[in-house]
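Letter by letter, the chains look like this.
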Amino acid sequence: MIKYVVNLSDYVIPSLGILLKTFGEISSTYAHDVFSTLCVAIIGQIFSIMLAFIVGILGRKTTWLGSLIKVAAYNIQAYPIVALAPIIFILLGDGFLSRLLIAAMICYFPLLLSVVGILAEPITEVEHFYQQTGRMRWQLEVKIRAFENLPKLTTVIAGSATLAMAGTIVAEFIAANAGIGYSIRIALYQSDLSKILVALFMIGITLSIYQGALEVAGRLVKNAWEQ
Amino acid sequence: MVIGVCSLFPLLIDRLTRLIPIAVALGITFFVSDPAVAKENITYRLKWLINMSTVGDIVAVHRGCFEEQGLTVTLKSGGPERDAIRDLELGHADFGVASGDQVIQAISKGSPVVVIAQLFQKNPLQWVYFKNKIRIDGLTDLKNKTIGVTFGKNDEIIMRTLLVKSGLSDRQVRLYSVRLDYTPFYRGVADLWPVYINTQGVEIGHRLTASGASIAFLDPESYGVFFVANSVVTSKRLLEEHPERVQRFIKGLIKGWTTAVEGTDSDRIVEDVRQYDRDTSRDLLFAQLDQTRALVKPDESFSIGRINVPAWEQTETIMLANQQIDRPVNVGAHLRIEFVE
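Chains as they are written, first to last, in this note's numbering: chain H, 1 to 227; chain S, 1 to 341.
Be aware that one or more of the hints could be misleading.
Said to hold, decoys possible - Selected chain S positions facing chain H (Cβ under 10 Å, derived; list incomplete):
id: 1; residue: R86
id: 2; residue: E89
id: 3; residue: L90
id: 4; residue: N154
id: 5; residue: E156
id: 6; residue: P184
Stated by the list, open to error - The following residues of chain S were derived to be distant from chain H, with all beta-carbon distances above 12 Å:
id: 7; residue: Y276
id: 8; residue: A287
id: 9; residue: E313
Claimed, not checked - Residues of chain S clear of chain H, computed beta-carbon distances all greater than 12 Å:
id: 10; residue: T43
id: 11; residue: S166
id: 12; residue: R268
id: 13; residue: I337
Treat the hints as calculated values from the structure; they're not laboratory data.
From a predicted model like this one, the values you see are computed outputs, not experimental measurements.
We treat Cβ as the ideally placed atom computed from N, Cα and C, and that holds for glycine.
The task is simple: from the sequences and hints, build the whole structure.
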């Protein structure tokens, strides 16, 4: 609309015809790139979920260790990953490992803070019984708190998928040699906005499907657990 | 009472009449001498960050070359995410700097852009390599080498053109994706690394030479590839509606570049650039100035800013061959050679 009102050329805003043509030409290549990015994001997310739960379980108590973990997580997540990424690429090269590490770093810290917050909150009415009967173990405490907060955890994990994907794309954009972020960088060098728009569209679709799958998986886990 | 007031009128008129010449004189002084009123404001978007490659632009602003032409010019630095041609079309800039490939790409998509001067007569892009590790006497020596290119940028197109000229296929060399970190080159992962000869070439050359390394540069123009680099562009509309403003801008700009390239006061020129580029040492800036001068005026016969039409046509041909554009754009029709003699 703006394009036609202000009379801008296809160089500034590509027309619908050009977008469709570009989509036809590059969709298969970009689908492969998005898949590559998604794979890295999923592995990075799984890695950070595992780490967040391990550290979250350790940091759930209101001890000095718990406080230290929370403070450290708050501080470390304040570092801009855009500044750290080039250092990671210099040290590890521009392969799979660098992309994975950056993706995991971006989604790990917010995930950790949420997990610590959830696991540190006692479910008094349930835990009281086990404490009074002397059957409370740390594994049971974690299970109770996780089960009672399952919808929250599912939402946090689904939300962290966006962070993992964004982290991977940032990593690829800065220095990698594969993935959709790398393709966006090339399109930017070529001043080809239509390619960038196609890439964004495909990222959006893929991420929505992935997040939807995570939500469904969360519901399935909840049902199975309840049964 | 009425008579008293009426009798004051002649006196009042007399006083006002005496004040008229003073008011007129003040008015003239105000309109003529106040630069804020007389000067036209111009925004000039550069292609990249402000460094020695933009020395002429800086000198033109600092030495009042635009002021002499009745223009107040605001220099805006460029960067990877900034595009002067888009800025022109969106009305965010009046003039800009773009490379030949950017201009041709924009024209192919209907952008109403025109070229009014060409700053670099020689493209600064070259490839650095260690002389003690590899030897390049001709393009066929590129066989089996790992060559750094920035995929999507003009160095990729230039290298692919060199490879076509050499008769080598993509399989006979390894193209390595380049980023802003030179470590892969220092470590020997890549044999050749693209650099801008007047800025990065000087810095890297200085660092490597100081550490005892022996380096050389592969210059695409030595093999007949003339790919147009930084040029001054404006919109067709501005040119049609205000040709005299374009003329004045170019006059001021060329005076700035002439001062930077032919001027003898290199100390002052380097100081001007240092105000923007504080991270580069003075010695390196002097070396960069010498290299930049050689790119803008490689030989006495070149006039500063002249548009090299055959080079533009070759750039279009190369882009067409590399499928950077899907049809010829007749770039010659978008070059306005009349502004620079």
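Hint check, failures only: Violated hints: none; all satisfied.
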